[in-house]
Amino acid sequence: MHYGDFVALNHLTFSVNPGSIYGLIGPNGAGKTSAIKAIATLLEPTFGDILVDGISALHQPERARGVLGYMPDFPPIYEDLKVWEFCDLFAQAYGLRGEERQAKVLQSLYATGLKEQMHTLCKTLSRGMRQRALLAKTLVHDPSVLLLDEPAANLDPKSRIDLRNVLKKLASDGKTILISSHILSEIEDTCDSLGFMRDGGMALSGTLDEISRQKDRATQLKIHLLEPYPALREVISRIPSLSQFEETGTCKTKFRVSLDGGQKEATQALAKLVETGVPVSEFICQKPRVEELFLELESASKERGKC
Amino acid sequence: MLNPLIRRGIRERLRPKNLVASGLFSIIACATLYLASFFDGMQEVIPASESESGLAELISIPVNGARGAFTVLLGLQGFFLMFLGTGRVASVTAEEKEAGLLDYQRMTPMNPSSKILGYLFGLPAREYFMFLLTLPFLLHCMVVGKIPLLNLLQLYAVFFCSVILYHLTAHVIGLVVPKPRAASWVARLAVLGLYVFLPVLGQAGISFLSFLTILPTYFGKIVPHLLAEGTESLGRFERQVVTFWQEIPFFTFHVSPTTFTFVMQGLILLALFATAYRKWRLDSLPAFSKPMAIGLFGILQILLLGSLWPFFSQGEASGLLGQSLQLDPTKVGLPDQLKNDSLPSISMIVVQSTFFVLNLASLLLLINVCCPDPHRQLKGRQRSGKLGMNRVPLLADEAPGGLFVGALVCISTVVYAVLHLLAVSSETVQSVAPSAKSVFLPGLVLLFTALALRAAREQWFNLGFWGFVGLLWLTPMLACLVLAVDDFLGNSQLMLNIASLSPLTFFPQLMVFLAPNIFPDPNPLINLSTSIKIGVITSAILAIFLSITLFRTLKK
Numbered sequence: 001m002h003y004g005d006f007v008a009l010n011h012l013t014f015s016v017n018p019g020s021i022y023g024l025i026g027p028n029g030a031g032k033t034s035a036i037k038a039i040a041t042l043l044e045p046t047f048g049d050i051l052v053d054g055i056s057a058l059h060q061p062e063r064a065r066g067v068l069g070y071m072p073d074f075p076p077i078y079e080d081l082k083v084w085e086f087c088d089l090f091a092q093a094y095g096l097r098g099e100e101r102q103a104k105v106l107q108s109l110y111a112t113g114l115k116e117q118m119h120t121l122c123k124t125l126s127r128g129m130r131q132r133a134l135l136a137k138t139l140v141h142d143p144s145v146l147l148l149d150e151p152a153a154n155l156d157p158k159s160r161i162d163l164r165n166v167l168k169k170l171a172s173d174g175k176t177i178l179i180s181s182h183i184l185s186e187i188e189d190t191c192d193s194l195g196f197m198r199d200g201g202m203a204l205s206g207t208l209d210e211i212s213r214q215k216d217r218a219t220q221l222k223i224h225l226l227e228p229y230p231a232l233r234e235v236i237s238r239i240p241s242l243s244q245f246e247e248t249g250t251c252k253t254k255f256r257v258s259l260d261g262g263q264k265e266a267t268q269a270l271a272k273l274v275e276t277g278v279p280v281s282e283f284i285c286q287k288p289r290v291e292e293l294f295l296e297l298e299s300a301s302k303e304r305g306k307c
Numbered sequence: 001m002l003n004p005l006i007r008r009g010i011r012e013r014l015r016p017k018n019l020v021a022s023g024l025f026s027i028i029a030c031a032t033l034y035l036a037s038f039f040d041g042m043q044e045v046i047p048a049s050e051s052e053s054g055l056a057e058l059i060s061i062p063v064n065g066a067r068g069a070f071t072v073l074l075g076l077q078g079f080f081l082m083f084l085g086t087g088r089v090a091s092v093t094a095e096e097k098e099a100g101l102l103d104y105q106r107m108t109p110m111n112p113s114s115k116i117l118g119y120l121f122g123l124p125a126r127e128y129f130m131f132l133l134t135l136p137f138l139l140h141c142m143v144v145g146k147i148p149l150l151n152l153l154q155l156y157a158v159f160f161c162s163v164i165l166y167h168l169t170a171h172v173i174g175l176v177v178p179k180p181r182a183a184s185w186v187a188r189l190a191v192l193g194l195y196v197f198l199p200v201l202g203q204a205g206i207s208f209l210s211f212l213t214i215l216p217t218y219f220g221k222i223v224p225h226l227l228a229e230g231t232e233s234l235g236r237f238e239r240q241v242v243t244f245w246q247e248i249p250f251f252t253f254h255v256s257p258t259t260f261t262f263v264m265q266g267l268i269l270l271a272l273f274a275t276a277y278r279k280w281r282l283d284s285l286p287a288f289s290k291p292m293a294i295g296l297f298g299i300l301q302i303l304l305l306g307s308l309w310p311f312f313s314q315g316e317a318s319g320l321l322g323q324s325l326q327l328d329p330t331k332v333g334l335p336d337q338l339k340n341d342s343l344p345s346i347s348m349i350v351v352q353s354t355f356f357v358l359n360l361a362s363l364l365l366l367i368n369v370c371c372p373d374p375h376r377q378l379k380g381r382q383r384s385g386k387l388g389m390n391r392v393p394l395l396a397d398e399a400p401g402g403l404f405v406g407a408l409v410c411i412s413t414v415v416y417a418v419l420h421l422l423a424v425s426s427e428t429v430q431s432v433a434p435s436a437k438s439v440f441l442p443g444l445v446l447l448f449t450a451l452a453l454r455a456a457r458e459q460w461f462n463l464g465f466w467g468f469v470g471l472l473w474l475t476p477m478l479a480c481l482v483l484a485v486d487d488f489l490g491n492s493q494l495m496l497n498i499a500s501l502s503p504l505t506f507f508p509q510l511m512v513f514l515a516p517n518i519f520p521d522p523n524p525l526i527n528l529s530t531s532i533k534i535g536v537i538t539s540a541i542l543a544i545f546l547s548i549t550l551f552r553t554l555k556k
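Residue numbers (my numbering), protein chains in the order written: chain A, 1 to 307; chain B, 1 to 556.
Excised from the complex, chain A in its bound form (with noise of 0.2 Å):
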């Protein structure tokens, strides 16, 4: 996609399997809003496809729309209309009609935990509430696909939280969620998989452990025991596993080691040190962070700028 001669979106390729969440991340400018704006037929790419549940977004941008909702990352809004007539003009765009327009209106307002303000004007409502309406509205046509520029921009922790609960009731429910966001720690406890943009193109894209062995970074154990056992570094040695043993403490009882694999090879590690007889009191999968991998991949790109 280009702006004049700006390349704001470079090769992008990726897919979200429906039923999930899908986080977007990357630093400004990356093309993340850019993408979401394509994907919701607001953009004309320059050349390619888009697919929104089977449907070309380019080629049939109108029926693409009846099965996405789209919530920008500046929450404009009808300032004199009602919350719920606000999500009621919404309601009759997307062409649902008397009572099950009505009931839709309520249930979204409901999810979105705005139902002691339905009769308030819009524009007494503070940001936070903005956004909420603005996803009430989003919600109102049941869309299998959502998209999400910055939805908890504005939020409060405590509507994040919220936020957090009803995207994951939505995502259980089958819809299919983009969302892209600056608040790394929110994309990490909400999504199933991410994809790091970078310029206009898809860095990195997977779930957190494919892109952890992507990027060559092993899970991390933590290990504590209830008293030093002397033989631990050599009966790590002995599980294929396991790996750089590393003491944390200096009580001769928390230990870091990392685990090559998943769940399984974890488990399998835990299993071999109980029955060597080592005190093991605390045994955690420690997965690197998202924080982590977007440093390591700004600061690896920076390196490669300056190459």
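Just so you know, these hints were derived from the structure itself, not from any lab.
Note that the Cβ used here is the ideal one computed from N, Cα and C, for glycine as well.
Among the clues, some could well be false.
[To be verified] Using 20 Å as the maximum straight-line C-alpha spacing, the simulated EDC-like pairs for lysine to aspartate or glutamate come out as follows:
| no. | chain 1 | residue 1 | chain 2 | residue 2 |
| --- | --- | --- | --- | --- |
| 1 | B | K386 | A | D49 |
| 2 | B | K17 | A | D80 |
| 3 | B | K386 | A | D142 |
| 4 | B | K17 | A | E79 |
| 5 | A | K123 | A | E79 |
| 6 | A | K37 | B | D283 |
| 7 | A | K287 | A | D260 |
| 8 | A | K123 | B | E95 |
| 9 | A | K272 | A | D260 |
| 10 | A | K287 | A | E234 |
| 11 | A | K123 | B | E98 |
| 12 | B | K556 | B | E316 |
| 13 | A | K254 | A | E234 |
| 14 | A | K37 | B | D103 |
| 15 | B | K555 | B | D283 |
[To be verified] Chain A is faced by these chain B residues, among others (derived, beta-carbon under 8 Å):
| no. | residue |
| --- | --- |
| 16 | P4 |
| 17 | E12 |
| 18 | A99 |
| 19 | M107 |
| 20 | T108 |
| 21 | R278 |
| 22 | L282 |
| 23 | K379 |
| 24 | R383 |
| 25 | L387 |
[As the list claims (entries may be wrong)] If you anchor each label on the Cβ, the simulated ranges turn out as follows:
| no. | chain 1 | residue 1 | chain 2 | residue 2 | range |
| --- | --- | --- | --- | --- | --- |
| 26 | B | G467 | A | F47 | 30 to 38 Å |
| 27 | A | N10 | B | A417 | 46 to 54 Å |
| 28 | B | V196 | A | R127 | 53 to 61 Å |
Given the coordinates of chain A, work out where chain B should sit on it, guided by the hints.
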């Protein structure tokens, strides 16, 4: 079911407190203005000489009061719907576009036509309500003033057609103009320009332009019924305008003003609707596609041809032009060197110049909209490259505009050639020289001008393009103004030479140059052929130079 966007307009703008405030304002304003004019017009003084009692008497004639108040009422209704409503539609459309609210609407599966209608009738809901409250006064006016219902229906049909036209113009401007604050005033100015000032050109023989307003129907159908009782005939001015707008010569037949207004406004509505439809589908699309622009230009040329047909074939014209043809030149202060029989030639020059100025304005607009700027061209090339195409399809929005510009110039040159042939073959019109040069030369300069505009549009962005147009089209006129103030006679040749650089002032010169026998005694101070040569050569050099630089830019 009611269009959701209309329902939204009603909910937003007609809540009880809005209803009370706007309703009171409308009723108070209307009652004050209407009743003041009604009572003022109703009173009539009978002089003592004509009074039975021998004293001056004041009598009341309600019919006259109602007739006098009608125009005031119509003006107030126009203010509500045409002024307030137009501003509202333009500013809200632009605000919502900037805020991103239009994107929400764009994403709904509603048909773009429904969205356009929703905005047209939903946004000015309060203005329609205020208009509604003036209807009792209109009813009073009609009954008391004995104004024929059929004529009123015709007037209000045209009135509503105009209101929709103005609102649609405002909506399209709101969709196109990026700044919401500017949009409201740009829309009002555009409405004034398109529907108030442009119709003035109707007085110069291009009659169809007069029918962009409600004035033809108002003067043609209503004014004759607004005479005070006992008055035998209209005043001189009223008589002229009523005569002008009675029947419209178009090709070889005559059309009623109401019908003609509907046709004219309908065509413009169609063009604006198509533009809004495109913008609703995808904001980044230009207002017109190339085929659509060629179609619109073709329709404009047919209207020009039809309007000018009676003038070029029989020397008949309506409006001020027609009136001037009947004047005695010795009584209207024309220069001595002009013979009595020069008047038809002058009229011909005025009409021909208006024709070309109108064509230049249309070419400027269409080239600006349809010829792709460097960004759009780049996008077209990238896309066609990725799709494995050798070139961008000729009629695509991203395609270079050479062929498009050529087609437009061809159409207008052919129309001018037809008009010229009509005049040459006419027995009554003697003011056109029967030479091929008379068609070839204007056509060539039009082509050069259009090619230069196209090259400027396709290699520069807005600032460069409009800077070029301003520099080339307006600066020579301003320079002439300064020279004229300094020494009009002494600088006359220099002024002509400079004026020939601007297409707007070159064409009138060219028409004078090509006209036969207008100046039987050549003026020793000026030599038109020099300035014409300068104009032609400059336009050719500009077109060639800019086309070459464009070619080089594209190659890069």
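* Has the given pair, B:K17 with A:D80, been kept, meaning a C-alpha gap of at most 20 Å? -> Judged against 20 Å, a Cα distance of about 13 Å means the pair holds.
* Given the proposed pairing of B:K555 with B:D283, does the C-alpha separation stay at or below 20 Å? -> Since the Cα atoms of B:K555 and B:D283 sit roughly 29 Å apart, the hinted pair is violated (cutoff 20 Å).
* Given B:R278 was flagged as interface, is its beta-carbon under 8 Å from a beta-carbon of chain A? -> violated, 13 Å
* To do: Take the C-alpha atoms of A:K123 and A:E79, compute the straight-line distance between them, and say whether it is at most 20 Å.
  => The given pair, whose Cα atoms are some 4 Å apart, holds under the 20 Å limit.
* **Per-residue hint verdict: B:K379, partner chain A, C-beta under 8 Å** => Since chain A brings a Cβ to about 5 Å from B:K379, closer than 8 Å, the hint holds.
* CA of A:K287 to CA of A:E234, is that 20 Å or under? -> violated, 24 Å
* Asked: Does A:K272 pair with A:D260 here, judged by a C-alpha cut-off of 20 Å?
  -> Between A:K272 and A:D260 the Cα gap is close to 15 Å, so the pair holds against 20 Å.
* If you take the shortest Cβ to Cβ gap from B:A99 to chain A, is it below 8 Å? -> holds, 4 Å
* Asked: Are the Cα atoms of A:K254 and A:E234 separated by 20 Å or less?
  -> holds, 16 Å
* Asked: Is B:K386 close enough to A:D49, meaning Cα to Cα at most 20 Å?
  -> Roughly 12 Å between the alpha carbons, so the hint for B:K386 and A:D49 holds.
* Asked: Does the Cβ distance between A:N10 and B:A417 fall inside 46 to 54 Å?
  -> About 52 Å separates the Cβ atoms of A:N10 and B:A417, which means 46 to 54 Å holds.
* Taking 20 Å as the top limit, are the C-alpha atoms of B:K17 and A:E79 close enough? -> With Cα atoms ~16 Å apart, B:K17 and A:E79 stay inside 20 Å; holds.
The structure shown violates the earlier hints numbered 3, 10, 12, 15, 21 and 28.
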